[in-house]
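> Chains as they are written, first to last, in our numbering: chain A, 1 to 99; chain B, 1 to 631; chain C, 1 to 553.
Simulated from the structure, these hints should not be mistaken for laboratory data.
Warning: the hint list may mix true and false statements.
Listed next, the in silico DSS-like pairs over lysine-lysine satisfying Cα-Cα at most 30 Å (straight line) [as the list claims (entries may be wrong)]:
id, chain 1, residue 1, chain 2, residue 2
1, B, 213, C, 469
2, B, 451, C, 469
3, B, 451, B, 371
4, B, 65, C, 304
5, C, 501, B, 564
6, B, 65, C, 524
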Amino acid sequence: MNPVNYLYLAALLFTIGAAGVVIRRNAIVLFMCVELMLNACNLAFVTFSRLHGNLDGQIIAFFTMVVAAAEVVVGLAIIVTVFRSRHSASVDDASLMKL
Amino acid sequence: MENLIGLLVAVPLLGAALLLCGGRRLDGKGHYIGTVLAAGSFAIGAVLFADMLGRGEHDRAMHSKVFSWIPVGGFRADVAFQLDQLSMTFVLLITGVGTLIHIYSIGYMEHDERRRRFFGYLNLFLAAMLLLVLADNYLLLYVGWEGVGLASYLLIGFWQHKPSAATAAKKAFIVNRVGDVGLSIAIMLMFTTFGTFTFAPVLTNADHASEGKLTAIGLMLLLAACGKSAQVPLQSWLGDAMEGPTPVSALIHAATMVTAGVYLITRSGAIFNAAPDAQAAVVAVGAVTLLFGAIVGCAKDDIKKALAGSTMSQIGYMILAAGLGPIGYVFAIMHLVTHGFFKAGLFLGAGSVMHAMNDEVDMRKYGGLRKYMPVTFITFGLGYLAIIGFPGLSGFWSKDKIIEAAFAKGGTEGWILGGAALLGAAITAYYMTRVMLLTFFGEKRWAPDEKGHEPHPHESPSSMTIPMIVLAVGSVFAGGLFSVNDAFLKWLEPVTGHSHGDSPLSAAAVTAGTMVVLVIGVALAWAQYGRRPVPRTAPRGSLLTRAARRDLLQDDFNHVALVKPGQYLTRGLVYVDHKLVDGVVNGTAASVGGLSGRLRKLQNGYARTYAVSMFGGTAVLIAATLLMRAV
Amino acid sequence: MSFPLLTATAVVPALGAVVTAAVPAAQRAAAKWVALGFSLVTLALAAVVLVRFDPGGARFQLTESHAWIKDFGVRYELGVDGIAVALIALTAVLIPFIILAGWHDADPLEGAHPNRRWRPTQGFFALILMVEAMVVISFEATDIFLFYIFFEAMLIPMYFLIGGFGDRAGGRSEEETATQRSYAAVKFLLYNLAGGLIMLAAVVGLYAVTADQLGTGTFSLQEIVQARAGGHLDMASSTERLLFLGFFFAFAVKAPLWPLHTWLPNAMGESTAPVAVLITAVVDKVGTFAMLRFCLQLFPEASKWATPAIMILALISIIYGALLAIGQRDIKRLIAYASISHFGFIILGIFAMTTQGQSGATLYMVNHGVSTAALMLVAGFLITRRGSRLIADYGGVQKVAPVLAGTFLIGGLATLSLPGLAPFISEFLVLVGTFSRYPAFGVIATVGIVLAALYVLILYQRTMTGPVKAEVRSMPDLRVRELVVVAPLIALLIFLGVYPKPLADIVNPAVDHTMSVVDKKDPKPDHPVDAGWFSYSPKSDGGSHDGASGGAK
């Protein structure tokens with residue numbers, strides 16, 4: 001199979017994720033969309049690795065997974081804390097950083 | 001001997017410092033300290049005078065350099081004194097009359113709680129005036145020049161609680177400042193022309209400079225003289241200056257300070273001699289002022305203001321004489337000295353009358369005072385005879401010479417100037433007779449004031465009458481004494497130079513003419529104020545009288561031409577500064593603020609908006625990169 | 001290595017600031033004495049500088065030089081010429097008086113019971129010392145970058161002094177006073193920051209030019225001046241002009257020159273009188289000083305190019321400032337506008353490019369500092385007594401407080417340049433210096449003399465004379481502390497007016513040097529009188545009295 005198709009899939013997944021981040025308000029869903037984008041990138045990396053015939057892409061994919069895992073830990077903790085204090089998981093309610 | 005010159009200035013200066021910084025401890029004896037120091041200065045002057053007489057005619061000038069004052073590049077000003085015959089004349093006049101007026105003030109200011117300070121100011125004045133006439137360069141003269149202005153400011157406004165006095169003081173200082181600008185520009189011109197402003201080198205080399213420069217210097221010096229000597233067009237302050245205590249009017253605004261302009265012009269004779277246009281301006285100013293002052297003097301009912309008008313007019317004579325050149329310098333100074341005697345005497349007499357009349361100044365409320373105040377009457381009367389030029393008295397000798405010199409100018413000019421001087425003499429006789437009649441003759445016209453105090457005219461204490469007597473003696477004999485063998489002429493000639501002109505009229509004819517106009521003036525005044533009883537309130541009078549009462553509308557003119565526009569200008573500028581200059585800056589700040597206020601709305605705090613901008617930005621970057629590659 | 005005297009003169013007040021700030025809150029009275037003590041030590045050090053300085057010696061003396069940021073050629077380089085010595089002396093003399101005059105300005109309000117941590121008193125005096133340290137080092141720095149840093153850093157303590165310790169006696173509501181005060185402080189900061197940023201660009205530009213032409217970039221004033229003189233450094237005239245304008249803009253804001261002046265009346269009006277003196281008498285002098293030291297010497301050609309425009313602005317400043325002073329209703333704003341007029345004279349003198357003009361301008365900086373301090377501090381005493389800055393609220397003070405009125409009058413007379421007092425000499429020198437090169441400008445500037453008399457005498461008349469107003473009837477006369485502040489200043493004014501020679505002797509060689517860098521010479525008189533006259537005495541020259549009758553033939 002033509003490896004380029006994997007790239008199309010990665011682009012599709014990334015677009016879905018990006019659209020989700022922009023459109024959805026629920027913090028958990030938002031989070032999942034971010035994960036989707038990250039994984040789309042991973043897919044692209046692996047595909048390129050395959051295309052170029054070296055391992056750099058796969059190594060970076062592992063790095064991304066580790067970072068994503070750490071991010072999930074911190075992110076979920078924040079979401080839970082915000083939910084506890086505000087009883088809402090909507091990101092629009094947390095817009096206090098503006099003047 | 002040279003060191004004594006500096007002491008001459010230092011002694012009264014020490015007095016001023018003592019009295020002004022001494023505090024209340026000196027309240028009880030301040031006036032004695034002041035008087036003794038003034039007398040001390042006179043004594044030093046007398047010693048120097050005796051010393052000077054002992055030397056040959058061309059060996060009389062003395063010079064004493066005290067220290068180097070401002071040395072910057074080619075600009076060198078020293079504190080250095082020069083005492084020649086001209087300065088000597090002034091020194092004796094200033095310290096002599098000054099001492100007499102110090103003595104007079106002991107009695108006159110007896111009940112004033114701030115008497116110590118008054119004497120401090122008087123001493124300050126003496127020091128500044130002596131500095132003015134002793135300086136050996138124009139810049140040091142300028143220090144004295146403004147110094148006397150300061151003393152005059154302080155003394156006119158001595159009764160500061162009266163708003164009119166404070167206003168008059170301020171006016172005097174500011175009008176004088178306009179004149180001072182003339183002096184400072186003259187000094188700058190001298191510096192750029194000659195590279196120095198010390199008398200001797202400037203005056204010796206005056207004729208090397210171009211006539212245009214000299215005319216400019218001369219006109220600027222004239223401006224300065226106009227301010228200090230209350231000559232048209234800077235005359236308006238002198239009448240108001242009468243708000244000051246009467247001894248001040250006698251010393252500063254009659255005998256000494258106001259004659260500084262005459263000194264300046266005479267001292268700068270070499271410059272004027274080489275600049276005929278400037279001389280013509282001087283003569284014109286003198287002639288106009290002598291008539292102006294005389295007319296104003298005729299209309300005033302306030303005794304001091306009438307005398308102030310007279311002062312203006314008499315200084316007009318001196319300026320006229322000084323403007324005539326070498327022919328007139330000596331007579332200008334001679335009239336200055338005799339005027340110093342009789343005008344100071346007249347003012348002191350006026351002060352004595354006011355002292356007796358509860359400070360009433362309106363002559364229409366006097367009348368018949370000769371019975372109550374014989375000494376004042378006699379001394380004032382002698383001063384009166386001197387000023388109108390009664391034969392044999394001081395004024396006769398000096399004024400006659402000036403009229404003669406004016407005719408000797410020659411041509412139409414000579415006739416106009418001589419005519420003006422003669423007319424002035426007639427008016428002088430008229431207004432002085434008027435003052436005399438209103439004050440000392442006729443029925444008594446005083447009445448109780450609002451508070452019910454009726455004045456009880458009485459003769460003044462001896463501390464006041466003695467100076468008056470001394471000055472009266474001077475008014476009678478000084479002129480005659482000076483004229484014996486032309487003594488005064490010979491005394492001053494080495495400094496000022498002298499030339500004889502060709503008068504179209506003989507000396508006898510001029511004297512006769514003067515006598516005729518004198519009689520006419522006296523007779524007119526007698527007809528108006530002597531024969532008939534004088535009303536207590538002034539009649540409406542003709543248009544000229546009313547204008548003259550308002551000082552020929554000088555203040556109205558200044559108000560319309562200078563004060564009002566000035567006020568509008570400053571108010572307008574305050575507005576401009578706030579709205580325009582500041583407005584531009586504040587406007588810039590406000591527009592930046594408004595712009596950022598709008599930009600701020602983009603930061604709405606919603607994570608998705610930021611995400612959109614990130615995606616959008618990335619998309620744009622990628623598109624741009626691809627586009628660049630395609631191209 | 002010899003004792004770093006110049007560093008010490010700047011470090012002592014800085015150290016004093018730290019120590020003063022560290023005084024415990026409860027001992028706030030002691031903080032004042034600490035600050036006064038440090039300012040007096042600084043004064044002593046400045047006196048040593050004055051004594052050690054040899055007017056006839058090298059261009060820059062007491063120099064110190066250490067590498068600082070090697071990569072950019074920035075050096076810690078200090079040195080003083082006569083002009084700097086005079087201004088350091090002025091600063092060191094004025095600060096103790098400012099501290100004494102402001103003795104109670106930062107006390108807790110009456111009836112208030114501050115808690116244990118309340119320490120603005122310490123802050124006030126510490127900030128004043130901080131400003132002194134920075135001003136002194138700005139006068140000493142001969143490295144442009146070093147100068148720039150302290151020129152800008154000065155704004156920080158000044159901002160807090162204006163914004164934090166405004167005038168309590170505004171005659172307005174508490175709230176409005178606070179608003180006006182913070183407006184004034186921000187305006188001060190923004191104006192001066194804007195000027196400083198433009199200067200920073202010019203400083204960087206200058207570095208780039210030197211790096212380009214000399215191989216290694218330098219910020220050293222002396223190196224650049226020497227390189228120019230030696231022909232190694234040749235700026236294109238357009239570059240030079242741009243750099244000049246960048247420097248000049250910053251100094252003109254600080255000086256302040258019309259139309260960049262509007263921050264000064266606000267800042268001086270809203271701050272307490274001692275801080276107002278600090279602004280106009282000390283901090284602003286850095287601006288005019290820097291014009292002489294940096295603008296003229298770094299960019300002589302551009303300076304000459306810009307002279308006509310700058311002189312016209314200076315003339316506008318003179319007349320405009322004086323006219324606005326006449327129109328003011330607020331005593332302190334009046335003095336502020338008067339200062340604008342005086343700064344016009346200083347700038348006029350600097351750019352007249354004559355020895356009289358520049359020496360006059362330098363003396364003017366010193367004399368204006370002393371005379372404004374005298375007038376403003378007395379005005380401050382007056383305002384504290386009555387609790388109002390409006391002229392109309394006074395009248396007849398002379399009667400109840402004669403000493404206060406007398407010192408106020410002397411301060412005023414100094415401001416209007418009365419002969420016999422110090423400012424007369426500097427003003428006359430500036431006028432002569434200007435007149436000898438540009439007669440028309442000199443004549444126009446004399447209008448300022450008349451206007452000065454107007455605003456001073458109007459102020460005196462309205463506040464001090466006339467009938468005694470009911471509100472001032474119980475006004476006490478000057479207290480001992482206040483007299484200790486004013487009397488020495490007045491004595492100094494009289495001394496420098498009668499015998500300015502010592503000061504002039506220090507300043508003149510520095511001015512001559514500046515003139516030679518700019519390559520200008522004094523205009524010659526048209527008909528110079530031969531030099532023998534200057535040592536003239538009638539004894540040796542019998543013809544002296546013929547002088548007066550020279551034309552009487």
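> Could you run down the list of hints and mark each one as holding or not?
Each hint, compared with the structure:
1. B:213 to C:469: Measuring from Cα to Cα gives roughly 53 Å; hence the hint is violated.
2. B:451 to C:469: holds (24 Å)
3. B:451 to B:371: holds (26 Å)
4. B:65 to C:304: Distance of about 39 Å is beyond 30 Å: violated.
5. C:501 to B:564: violated (43 Å)
6. B:65 to C:524: Holds. Residue 65 (chain B) to residue 524 (chain C) sits at ~26 Å (cutoff 30 Å).
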